[in-house]
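Letter by letter, the chains look like this.
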Amino acid sequence: MFASKRLSKELQKLQGTLPPGISLISAENFEEWLMDIKVMDDNPLYRNEVYRLRFRFGSSYPIEAPEVTFVQDPSHPIPMHPHVYSNGIICLDLLDTSGWSPVQNVESVCVSLQSMLTGNSKNERPPGNDAFVRTNRQRPRDINFVFHDNKV
Amino acid sequence: MEKYDVSDPSDWLETHLTEFAPFDAALRCEVCKDYYNTPMITSCTHTFCSLCIRRTLAADGKCPICRSNDQASKLRRNGAMEELVEMFKVARPVALRLAQKEKISPDRSTARPRSKSKRKAADADLEEEAQRSSQKRKTRGQSRRDAPTESPEVMVIDNEEDGDYQPDDDLVPCPICHKRMKQEAVFSHLDHCEEEQEQDRRRARTRTPNSAKPTLGSSKSQLSSKPPERIAELSYGLLTEKALRKKLSDLGIPSWGSRTLLIKRHTEWVNLWNANADSLNPRSKRDLLNQLDVWERTQGGHALNSAAAPNHADAVMSKEFDGVGWAQSNKSDFDKLIAEARRKAKKLGEGQQESEAMMKEEDEGSSKARTDERSTNVKTTNESSTPVTAAPPPPYLKHSDSLERAKEKIHGSRRLSDASSTSLAPEATRPHTEIRDSVAENGAEGLSAEELFRAEERRASISSFSPTHTKGAERVPMLKVPEHPVRDVDGGKS
Ligand SMILES: [Zn+2]
Ligand SMILES: [Zn+2]
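Heads up: the protein sequence lines correspond to chains H and P, in order.
Following UniProt numbering, the numbering of the first sequence begins with 1 at its first residue and continues without gaps.
Following UniProt numbering, the numbering of the second sequence begins with 1 at its first residue and continues without gaps.
Bear in mind the hints are in silico, worked out from the structure with no lab data behind them.
No residue lacks a Cβ here, since even glycine has one placed at the ideal position from N, Cα and C.
In silico SDA-like links for lysine to any residue, alpha-carbon gap of 20 Å or less:
1) H:5 with P:9
2) H:5 with P:294
3) H:13 with P:25
4) P:62 with H:93
5) H:13 with P:27
6) H:5 with P:292
7) P:179 with P:87
8) P:62 with H:60
Derived, one-sided and incomplete: chain P residues facing chain H with beta-carbon distance under 8 Å:
9) 6
10) 8
11) 55
So here's chain H without its partners, still in its complex pose:
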């Protein structure tokens, strides 16, 4: 109830005007929505590509973060980024229990991911990508991304 009420408000907004490069693809229920994002500048890593995001909402959204992953299909690749695994799982603290806040929403997550891509120049996957993609059977929300800050 809580989630559906809030999501219906978000949906109403998403059906209106969205920031450039962000669009609603499908929202047939309150469990799973698809959004497309496109990097708006000329970053050669992402030029001419559209990336598809799948949002999955729990019944306690927005208290709990949605599960957000990139999905791959013939016309939507997984973007190359040091925080995006090749299976589409995203390592971003905004989507983590510690970084999520209920004031975030679908649009703000899309904007953040769009910005994350826009600012990137590294043509690489996260360290340990291959092993992770091979072995991971967990849903993104059950994975704990541990932070190792190299600079400190």
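Chain H is already provided as a structure; the job is to place chain P with the ligands on it using the hints.
Relative to chain H, chain P with the ligands alone:
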């Protein structure tokens, strides 16, 4: 079943009263996006619905807006906000209708040469009409002196309620429905007011509240004299499973299930109970038990996934993704909401055909083309206010000039701050205070209501994003250790 209010601050943007959009938004909770329901203020002076903030604090102990640590026991009722919200909800439909009508009348502002701006004219008109309609109630049945300038819509608005109007008496109006009754009766009436209103609405769809001043203040003092008891939070770590089970059955709530489930259920019950205790119009324990039962079916022990491995902590986490059970229990709600949202979108005329088409979009290839087309479209229309496609332009495009100005201002201040930061994601990482400051510096009057509103919306949604990855941080996936909020409060001893 709860009533769904899909009203939105943006409703004001297509009216003459665009200034009401940020006003309307300021009366809404950032968690549920609805008007504050039993608003509570945190230690950091942010306000949320009681249940919203209690659930959030139980989940992560932090304010959703500024991320300061806080505790449910420190929440205080925000009585002034509550009164504001209730009064605004009453005034909103009337004001919205007037403001929309204003917009339709083409020569409204030119008919009044004395007004300096359209906006002022609109305000003046609204005031006049408000005066006129209250006058009219008093002089009901008499002829109207100012017939020539009076627009027909004013009559439409209060025509039907003349029959309901009652002259001065000892009665007071209900603050919600404005029915008049003895003061003592107001409180018991409030419990049923919404249902009765709903029925009334079915009988007479155009009914509007009458203009008598509600006396919420007096009724409020009655209630606050006997505040319901709060339930103390527990230090779950100190309790054996047996003791915990007893706590639950003492409270009169189900006490079956794993320890994890017991803790989750107790937490939810404390939130429901205490939020209800905060309320001016508390509901019965039976209502709360029903609410807990809904929780049980969607997130608790009767949610599908958790039954599979009730003792496994992961099950508790992953059941948030129990789409099936949840979908079943919410299917009709969803349909209702979708229908409502669609109707609304249609009314707004915000590229309805496009959204509808996108909702049904299945073909991957063409969706890509569509995205390109869509973004090009937005760009072009920002430069000149003429839309390039046949679809009706979104309402904000009508204000493209002011929107551009707002963008420049926000971008300007962003550039300044970017110069001193190594941020990868300038948009998302900007601390929200800076946007607010840029608005403040430029002065609220320099920006239109819509600009303020958009900036405010942006601020709210991006405030808590912190780019750990920009610091060269590296994350390694590993198994998650389940954590549950363990609260250290005196309640543990009770
Ligand atoms: Zn709320
Ligand atoms: Zn705060």
